[in-house]
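Number of protein chains: 2
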Amino acid sequence: MQPLPGFRDFLPTDCAFRNAIFARWREVCRGYGFVEWDSPVLEPTALYRKKSGPEIVAQLFNFIDKGEREVAMRPELTPSLARVVAEHERAFRKPLKWFSIPQCFRYEKQQRGRLREHFQLNCDLIGDDAAAAEGEIIALAIDLLRAFGFTAKQVVVRLSDREFWTDLLRTRNVPEEQWSELLQVIDKSEREPRETTAVKLGDLADPVFQVLEGGGRSEKLEALVGQLELRGLADFVQVDLSIVRGLAYYTGVVFEVFDRAGKLRAIAGGGRYDNLISHLSDGLVSLPAVGFAMGDVVLGELIKETPEVFAPLAHVVSQQSALDIYLVIAKEERRPDALRQVQQLRDHGWRVDFSLGPAKVGKQFQSAEAMSARIALLYGDEWPQVKIKQMTSGDQELVAAEHLNDRLRQLL
Amino acid sequence: MQPLPGFRDFLPTDCAFRNAIFARWREVCRGYGFVEWDSPVLEPTALYRKKSGPEIVAQLFNFIDKGEREVAMRPELTPSLARVVAEHERAFRKPLKWFSIPQCFRYEKQQRGRLREHFQLNCDLIGDDAAAAEGEIIALAIDLLRAFGFTAKQVVVRLSDREFWTDLLRTRNVPEEQWSELLQVIDKSEREPRETTAVKLGDLADPVFQVLEGGGRSEKLEALVGQLELRGLADFVQVDLSIVRGLAYYTGVVFEVFDRAGKLRAIAGGGRYDNLISHLSDGLVSLPAVGFAMGDVVLGELIKETPEVFAPLAHVVSQQSALDIYLVIAKEERRPDALRQVQQLRDHGWRVDFSLGPAKVGKQFQSAEAMSARIALLYGDEWPQVKIKQMTSGDQELVAAEHLNDRLRQLL
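As they're listed, the protein sequences go chains L and H. Take numbering that gives the first Met the number 0: the final residue in the first sequence is number 411, and no numbers are missing along the way. Take numbering that gives the first Met the number 0: the final residue in the second sequence is number 411, and no numbers are missing along the way.
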């Protein structure tokens with residue numbers, strides 16, 4: 000009676016927590032002029048193989064469908080984005096500012112912060128190669144966290160530039176076919192012994208270590224930090240050239256967002272990928288792009304570990320299921336009258352509940368309390384008057400049934 | 000570059016339309032005291048086989064995962080609901096009023112109103128066998144449509160009772176193992192020639208046709224209609240004993256919702272299923288239940304075909320992406336000042352956009368219009384004053400930058 004390993008059931012409280020995260024994500028994205036879109040959970044496997052090479056298949060929930068198609072549950076959104084943008088881009092003004100909250104799936108060993116599914120906010124800005132696009136997208140990533148109450152003391156955007164490294168490799172006459180492997184070595188250098196990295200880098204070890212130890216300067220990144228400074232967000236960013244990001248398709252600025260304490264996996268990551276749409280559309284459509292993804296699992300952990308962030312969100316969550324009104328039917332002969340009013344009250348937009356069968360008055364009040372109702376209405380001997388009880392203060396009053404809505408409008 | 004057959008891409012307008020439907024569904028469900036939950040997209044195939052028999056597998060997107068598990072993309076939510084409720088029911092007060100909006104998948108021939116995926120609102124009321132539970136759940140189904148503006152002239156709930164038929168079969172000494180097949184014949188009778196049905200029914204043809212032609216009376220259903228009458232919803236319901244619903248697990252009242260014109264497939268369907276949770280949990284947990292499902296595809300078609308319903312929803316949809324403010328940067332040297340203010344305006348909760356690179360003033364105003372911005376702010380020669388232009392009226396005024404927020408608060 001368990002879900003599959005790595006998959007989550009969302010009981011009402013979990014679901015409300017998740018929805019509260021999604022709602023805030025949507026609000027911030029819309030504040031930036033981003034619009035939501037979505038794509039299918041299932042796509043042709045070829046789409047992912049084309050982007051990431053044949054090795055990706057080992058990590059997919061993939062299969063042959065009943066129509067003999069090779070299909071896979073989406074491990075990420077970007078290939079679908081490229082597919083949809085290549086097909087429809089002519090219908091839209093540039094730049095496209097698109098976001099989506101897909102559920103993504105990977106068949107991987109489960110670890111802390113990594114399940115076999117997660118929801119992943121994707122924000123992509125397509126069709127603009129200005130450096131201001133990076134500024135806009137990184138500011139968005141930061142504001143998505145600020146919206147929960149996170150400060151620069153708690154989270155940091157580590158900023159780098161793949162082009163800085165490819166320039167260095169080019170200057171040193173390293174053949175292009177070795178770049179991808181060397182960039183992976185640099186990406187991993189933080190997590191490996193220095194000697195291992197040195198061996199893998201060979202001749203390049205000295206210049207690379209010099210950069211990693213703070214000797215590198217990138218005017219492009221300094222200008223980008225300057226943009227974020229104007230926005231008042233510079234405290235959140237830190238140039239860190241050791242970030243390269245494993246994915247081969249990034250072409251320029253890359254960044255990852257972490258908790259400052261460094262206890263969790265990356266909260267978000269992204270960068271510029273100017274060639275991907277062209278690659279995935281066989282050159283049909285070529286558009287520069289910059290974007291990032293932020294998962295719900297790591298962010299959820301960080302929220303839960305940060306009391307000053309968790310408490311206000313928990314309050315929002317509890318409000319989501321709170322009732323406005325609970326009807327207490329003290330006499331069963333009043334049930335038809337109550338039923339009539341239930342409908343009117345709900346039509347008014349209030350959240351209303353009541354006991355579907357006969358129950359003791361005390362038990363009905365308990366339900367009202369359990370469901371955080373703000374007001375209980377008592378249908379009993381006083382009819383055609385109704386007793387209004389404000390649940391927090393305990394204040395009670397009698398109101399004629401026909402004036403009930405007016406009075407409730409004042410109270411709610 | 001197409002999605003798989005039967006799967007939808009949601010471009011921004013489609014996605015906003017879908018989200019507007021979801022938002023209204025959530026609002027109405029919460030008005031009834033229902034809380035949202037969710038379950039995994041992928042479940043053990045055994046869960047569906049157990050509920051629906053081995054034939055169901057032919058309609059599934061099912062496969063063997065990399066851990067040698069038989070898994071399937073959920074074709075419906077109820078088996079997951081039974082799984083989760085059986086596991087966690089002790090943690091909740093009864094009745095549970097739960098809703099969810101899962102995406103469900105079936106490998107079927109595509110037809111109008113039937114794709115290979117759809118989103119399906121599920122509402123279930125669990126742990127209450129009172130007839131009032133049916134009243135509550137059917138009222139909810141009706142209010143979900145009323146919330147879009149549908150009237151009793153446009154939609155109808157066809158109401159029936161499986162128990163009425165099983166009582167009839169019992170009275171006529173029909174062995175129980177034949178019931179399921181006979182009920183299916185009755186269910187299909189509307190869509191088949193009378194003679195075909197008559198042959199299949201044999202001795203039962205006469206009494207069954209007598210009922211189908213209006214000779215049947217059900218006190219239970221009359222009482223239920225009475226409940227809905229008290230709520231002012233009786234115009235929406237019609238007792239129709241020909242509705243049996245194919246699914247074998249219903250135990251009592253069943254209903255289907257249709258457009259009155261009868262042009263589309265069922266908009267929603269459901270009923271009482273008191274034995275299913277016990278069956279799926281191997282008798283571990285036994286709880287009476289009543290619920291229904293409403294898909295987004297048929298409802299979406301009906302909305303689009305009903306101008307008086309579509310127009311107000313389209314307005315909501317267009318609002319979802321409308322900007323509050325567009326910044327027009329008339330002089331590039333003003334960009335840093337504009338950038339500073341973009342952040343402040345967004346922090347204020349307004350939806351703000353601007354051109355990321357230099358562009359002609361006219362083109363920037365075009366963008367403001369295309370994004371339905373209510374206000375354009377002009378950063379140019381007037382700095383440190385900003386020109387405010389109200390896009391609808393064309394009214395313009397100059398405001399000192401430090402008083403901008405105050406003035407915008409008045410205008411927005």
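To be clear, the hints were calculated from the coordinates, so they are not data collected in a lab. Just so we're clear, the structure is a prediction, and the values are computed from it rather than from any experiment. It cannot be assumed that every hint is accurate.
[Said to hold, decoys possible] Only part of the chain L face toward chain H is listed, based on derived beta-carbon distances under 8 angstroms:
id, residue
1, ARG92
2, TRP178
3, SER179
4, GLU189
[As the list claims (entries may be wrong)] Computed from the model, here is a short list of chain L residues facing chain H with C-beta under 8 angstroms:
id, residue
5, PHE21
6, ALA22
7, SER51
8, GLY52
9, ILE55
10, VAL56
11, ILE100
12, GLN102
13, CYS103
14, ALA222
15, VAL224
16, GLN226
17, SER277
18, HIS278
19, SER280
20, VAL296
[Said to hold, decoys possible] Listing some non-contacts, in silico: residues in chain L with all C-beta distances to chain H over 12 angstroms:
id, residue
21, ARG193
22, GLN237
23, PRO306
24, LEU312
25, ASP336
26, ALA399
Yeah, the Cβ is synthetic: ideal placement off N, Cα and C, and Gly gets one too.
Now for the hints, and whether the structure bears them out:
1. ARG92: 6 angstroms, holds
2. TRP178: Hint violated; TRP178 of chain L Cβ to chain H Cβ min 29 angstroms, cut 8 angstroms.
3. SER179: Interface hint status for SER179 of chain L: violated (26 angstroms vs cutoff 8 angstroms).
4. GLU189: 30 angstroms, violated
5. PHE21: Hint violated; PHE21 of chain L Cβ to chain H Cβ min 11 angstroms, cut 8 angstroms.
6. ALA22: Status violated, d = 10 angstroms.
7. SER51: The hint is violated - SER51 of chain L has no Cβ within 8 angstroms of chain H, the shortest such distance being about 17 angstroms.
8. GLY52: 18 angstroms, violated
9. ILE55: 13 angstroms, violated
10. VAL56: Because about 10 angstroms separates VAL56 of chain L from the closest Cβ in chain H, which is outside the 8 angstroms limit, the hint is violated.
11. ILE100: Because about 10 angstroms separates ILE100 of chain L from the closest Cβ in chain H, which is outside the 8 angstroms limit, the hint is violated.
12. GLN102: This hint holds: GLN102 of chain L lies near chain H, its Cβ roughly 7 angstroms from the closest one there, short of 8 angstroms.
13. CYS103: 11 angstroms, violated
14. ALA222: At 12 angstroms from the nearest chain H Cβ, ALA222 of chain L fails the 8 angstroms test, so the hint is violated.
15. VAL224: Violated - the Cβ of VAL224 of chain L stays beyond 8 angstroms from chain H, reaching only about 13 angstroms at its closest.
16. GLN226: 7 angstroms, holds
17. SER277: Constraint on SER277 of chain L not satisfied, violated at 13 angstroms.
18. HIS278: 13 angstroms, violated
19. SER280: 7 angstroms, holds
20. VAL296: With Cβ-Cβ at 14 angstroms, over 8 angstroms, it is violated.
21. ARG193: The assertion about ARG193 of chain L holds, with a minimum of 36 angstroms to chain H.
22. GLN237: 19 angstroms, holds
23. PRO306: Label holds. Min Cβ-Cβ 23 angstroms, cutoff 12 angstroms.
24. LEU312: Non-interface label stands for LEU312 of chain L: nearest chain H Cβ at 16 angstroms, farther than 12 angstroms.
25. ASP336: 9 angstroms, violated
26. ALA399: 19 angstroms, holds
Hints 2, 3, 4, 5, 6, 7, 8, 9, 10, 11, 13, 14, 15, 17, 18, 20, 25, counting from the list given before, are not met by this structure.
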